[in-house]
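J.: Protein chains in written order, with the working numbering: chain V, 301 to 475; chain Z, 2 to 193.
These are calculated hints, taken from the structure and not from any lab test.
The C-beta atom is built at its ideal place from N, Cα and C for all residues, glycine as well.
Do not take every clue at face value.
Residues from chain Z shown here face chain V by an in silico Cβ test under 8 Å; the list is partial [unchecked claim]:
| no. | residue |
| --- | --- |
| 1 | 17 |
| 2 | 73 |
| 3 | 74 |
| 4 | 75 |
Derived lysine-lysine pairs resembling BS3-like cross-links, with alpha carbons at most 30 Å apart [stated by the list, open to error]:
| no. | chain 1 | residue 1 | chain 2 | residue 2 |
| --- | --- | --- | --- | --- |
| 5 | Z | 85 | Z | 71 |
| 6 | V | 339 | Z | 190 |
| 7 | V | 327 | Z | 71 |
| 8 | Z | 23 | V | 386 |
| 9 | V | 339 | Z | 61 |
| 10 | Z | 23 | V | 447 |
| 11 | V | 339 | V | 329 |
| 12 | V | 448 | Z | 126 |
| 13 | Z | 91 | Z | 77 |
| 14 | Z | 121 | V | 448 |
| 15 | Z | 190 | V | 329 |
| 16 | Z | 91 | V | 329 |
| 17 | V | 448 | Z | 77 |
| 18 | Z | 61 | V | 329 |
| 19 | Z | 23 | V | 445 |
| 20 | V | 445 | Z | 190 |
| 21 | Z | 61 | V | 448 |
| 22 | V | 448 | Z | 190 |
| 23 | V | 447 | Z | 85 |
| 24 | V | 327 | Z | 190 |
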Amino acid sequence: MSFINYLSTVAVPIVILIIIAYGVVEKIKVFDTFIDGVKEGIQIVIGIFPTLMGLFLAITLLRESGVLDLVVNLLTPVTNLFNIPKEIMPLAILRPISGSASMAVATDIMSQYGTDTIIGLITSTLMGSTETTLYTIAIYTGIVKIKKIRFVLIAALIGDFVGMIASVGIWRFLS
Amino acid sequence: MLNIIWPVFIIISIIYSIITGKVTEVNNAVFESANETVKLTITFFGTICLWNGIINIASKTSMIEKLTEKLSPIIKFLFPDLKKEKEVQKEISMNVVANMLGLGNAATPLGLKAMKSMQKININKESLSNSMAMFIVLNTASLQIIPTTVIAIRNSLGSQNASGIIIPVWISTIIAAITVVIVTKLFIKFWK
């Protein structure tokens with residue numbers, strides 16, 4: 301556990317070190333380039349704000365009205381079968397469908413149950429290790445105007461499901 | 002997609018709250034959600050901007066090219082049909098590398114280019130080729146080295162160790178990625 305924690309903690313500094321050292325060796329104006337990237341980052345955050353606002357509204361309403369509890373309880377047989385904490389189910393369902401919606405749900409779950417509890421840790425791992433499957437399939441098939449996607453959706457969803465089981469399993473194992 | 006989900010969520014929530022007598026909670030939730038969004042965005046702001054700056058340096062170096070070369074044996078295994086298509090192979094590996102580095106803005110255009118190139122050599126233009134299927138499935142697996150968004154969220158919520166999830170994320174990603182590759186290879190073999 302502490303070893304994994306250590307590795308996780310050194311990953312970011314090491315990646316930053318490698319990137320900056322690389323930039324220096326290749327004689328890139330690293331600071332100017334960094335500043336340009338930050339400027340771009342501002343645009344990204346401002347760009348995502350309206351979407352987040354809308355989705356936070358929807359998610360908060362779902363939670364406070366009790367709809368979320370209702371859905372989660374309906375899924376109890378499934379979650380029990382795979383030993384998944386039922387609190388993460390809203391995220392598991394929304395993750396493949398919408399990136400910003402799952403971001404809103406993940407934030408909501410972690411602000412309720414804490415970031416460093418087992419639920420928070422599973423939520424984070426699930427969020428980090430899966431993609432917005434439906435969106436990805438839509439843009440990549442859309443560009444070549446193909447409607448017959450064969451097994452792609454099934455294969456991708458199997459991957460998402462395995463990712464979820466793995467996220468849960470890892471933290472059950474570690475704690 | 003959200004044009005359908007969003008109104009459904011809101012309408013169901015409000016009607017359900019009226020039935021179950023939770024209108025007061027829902028009323029408070031409306032304004033609470035606005036505050037929450039602003040709070041998250043502000044703390045989010047720092048992490049996303051900072052990381053975008055770092056990653057911008059990476060994108061200006063020869064890192065992508067170097068990693069692309071290293072990836073070539075894996076690409077050959079995953080896309081046997083593209084054996085002679087060196088250019089497409091390169092587009093695919095650049096897309097994978099850009100995804101790994103978290104260069105989302107660079108990864109998508111590269112990926113779209115790869116899709117177009119694969120469509121050119123696709124025999125049945127109406128249906129995805131095996132290579133295209135593998136490529137898309139690979140893109141639905143999240144192969145990011147540093148999961149910045151999650152770290153940013155954890156940071157904004159006051160986590161004691163926001164990046165403590167990196168290794169578990171890697172393990173989970175690798176398990177999921179290996180699974181989708183095997184599943185896709187099997188589907189290619191047996192799907193009619």
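J.: Please name the hints from earlier in the document that this structure breaks, with their numbers sorted from lowest to highest.
T.: Violated: hints 2, 3, 4, 6, 10, 15, 19, 21 and 24.
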